[in-house]
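Asker: The lines below spell out each chain.
2 protein chains.
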Amino acid sequence: MGFKTLEWKKGRLYLLDQRKLPLKESFVACATYQEVARAVRDMAVRGAPAIGVAAAFGMLLGARQWKSGTPALLEKHMNQVARALLSTRPTAVNLVWAVERMRAVLIRNVIRGKQALLQALEDEAGKILEEDLRANREMGRQGQILIPDGVSVLTHCNAGALATAGYGTALGVIRAAREAGKRVHVYVDETRPLLQGARLTAWELMKARIPFTLITDSMAGWLMAQGKIHLAITGADRIAANGDVANKIGTYSVALLCRAHRIPFYVAAPISTIDFSTERGEKVPIEQRAPTEVTTLQGRRLAPQRAKAYNPAFDVTPHRFISAIITERGIVQRPFRRNLKKILSGTATENGQIWIG
Amino acid sequence: MGFKTLEWKKGRLYLLDQRKLPLKESFVACATYQEVARAVRDMAVRGAPAIGVAAAFGMLLGARQWKSGTPALLEKHMNQVARALLSTRPTAVNLVWAVERMRAVLIRNVIRGKQALLQALEDEAGKILEEDLRANREMGRQGQILIPDGVSVLTHCNAGALATAGYGTALGVIRAAREAGKRVHVYVDETRPLLQGARLTAWELMKARIPFTLITDSMAGWLMAQGKIHLAITGADRIAANGDVANKIGTYSVALLCRAHRIPFYVAAPISTIDFSTERGEKVPIEQRAPTEVTTLQGRRLAPQRAKAYNPAFDVTPHRFISAIITERGIVQRPFRRNLKKILSGTATENGQIWIG
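Residue numbers (my numbering), protein chains in the order written: chain A, 1 to 357; chain B, 1001 to 1357.
To be clear, the hints were calculated from the coordinates, so they are not data collected in a lab.
The calculated DSSO-like cross-link candidates involving lysine-lysine, where the alpha carbons are at most 30 angstroms apart (straight line), are:
(1) K24(A) / K1020(B)
(2) K207(A) / K1308(B)
(3) K20(A) / K1024(B)
(4) K127(A) / K10(A)
In this text, all values refer to a predicted model and were calculated from it rather than measured experimentally.
Let the sequences and hints guide you as you build the complete structure.
Answerer: Below is the structure:
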């Protein structure tokens, strides 16, 4: 990759500042859980798996900030830490998942003394990071068989190494196809308003020397009509139990356009993105962000002053538009409600290709 | 309107500089045909009807620049003027249409002496401007019956007073609905890369006090899925004989999304935008513009240096996605090939609503 999205070093979480890319490669160092919460809220780090990992270290930092007191008081403090982290962004379920994993370790180790507790939490946060990295590589290995040689793949937003602990979900599958010797060209949706495609995906693909063409979001349909896009693949911020996918605003349109042009639309996401407690996509909370993200760009005003704008950060793609969901445990086919459940018991063998369906 | 897109005053064509809006209201004064050609190419003026009007005055200025010589030499000079104007932008057919109208006047008056010839050309250019203004008002009057009270209308790019001699095509229909006392809310696609929606449509709607919400282009589909858009209406840069419509890139996706959600998709354009010599949409030349319009914004780099980008300025919407075409001679229904032909003989009565189909 040549870069680390998140790194834990000497008691600090270092985040590659994604707001500054591609113009500047700089880092945000977080020494407190409040700093982690701010970095997630302000999108110095973004991408569902990456903010899950960041939140895990946020929980660790929160515990390290605890001076002393009864286990009951520690628990109260940690509830506050968890709330601060969970309140940053409502849609990505990996955030909840990671915080809950850390909370479980806390509960198991709360009576072992501070040093042992902190070590257990540090081990768990490290494990969450390592597992995510491994899951991405496995998703790539599993998913790359869906990418034929010589195709052009559309992607929306950034579901790359920057959105994860490394390697990436959707971009991981593309990386793996390239590593398997296939020729792949990527059409990159710029992804307004925050331009994660133009700024982040383009940056990653250049580093990986994967050929790509940047387009505005409105061009994808026209490229499909001309037969220039062979398949689309995105990440996910939350997958409901029925297979509905919440992801970056615009994903819904991409999926619908794919359906209309008979182009496969794949979603790549780790198991930690599946939320079995959310029945259907319509139950996923959709984050509404500041209208100024639409009316301005990098501090410059685009629209007339006082122009009203709408800015949902995500949309929900109904499962019927999704060709398959690529996970680290295999490729999940329809019907998703049944097969996503199966995945919990599924295990991928080292060389095995798992099809769940 | 409170502003004039184009104005002929004392031998100069004044163009409201659309590149500077909404931040600054300034004018480009053109005293030569070369200045008009540059203003069209650089998009100080844009929108198919408006560049048609500009080109008419460009022809006039070209003739005024002619010093003296035989009619044959004048004709040669004017061919050069026409070529310079026609080469600026290939997709909008109004450009060709206006230049040919001016050329016909030239041929009819070439032997009448310079003063009479210039007067005839000035009269014709003025007529082209006046006719466009009248056509827009008539399109509005005809088309507004398609807009029920209380709806939200999606529009893409700018098909307003700024894209025409005044009043607008798609926005003209919306203006007329408002003037008829209907409540209309507009969702404005920002229209990357050049943001004609965010910059120009939003500016016009604010001036007209028509309520609107600005969105990124990728949000339209999601709004439709939520039932928040009741119909869509755009302009056109060229309508082929079969009803296929070339218009701003992204229009194709809007039309397809409308179809998928069973939302009417209307096109409003004057007869001068219909090109009976172009059989089908695929024959329309699509202007490819500089990739830097995608990779940068207002001089600021968005994507990594050397990132490749694709930048077609237009796409083609197949006639099967179009619910009706609103013209100054009536509302054209399917089948478009037959009914667009009928329009040439059609006449709208003062109070009559004409349905062609």
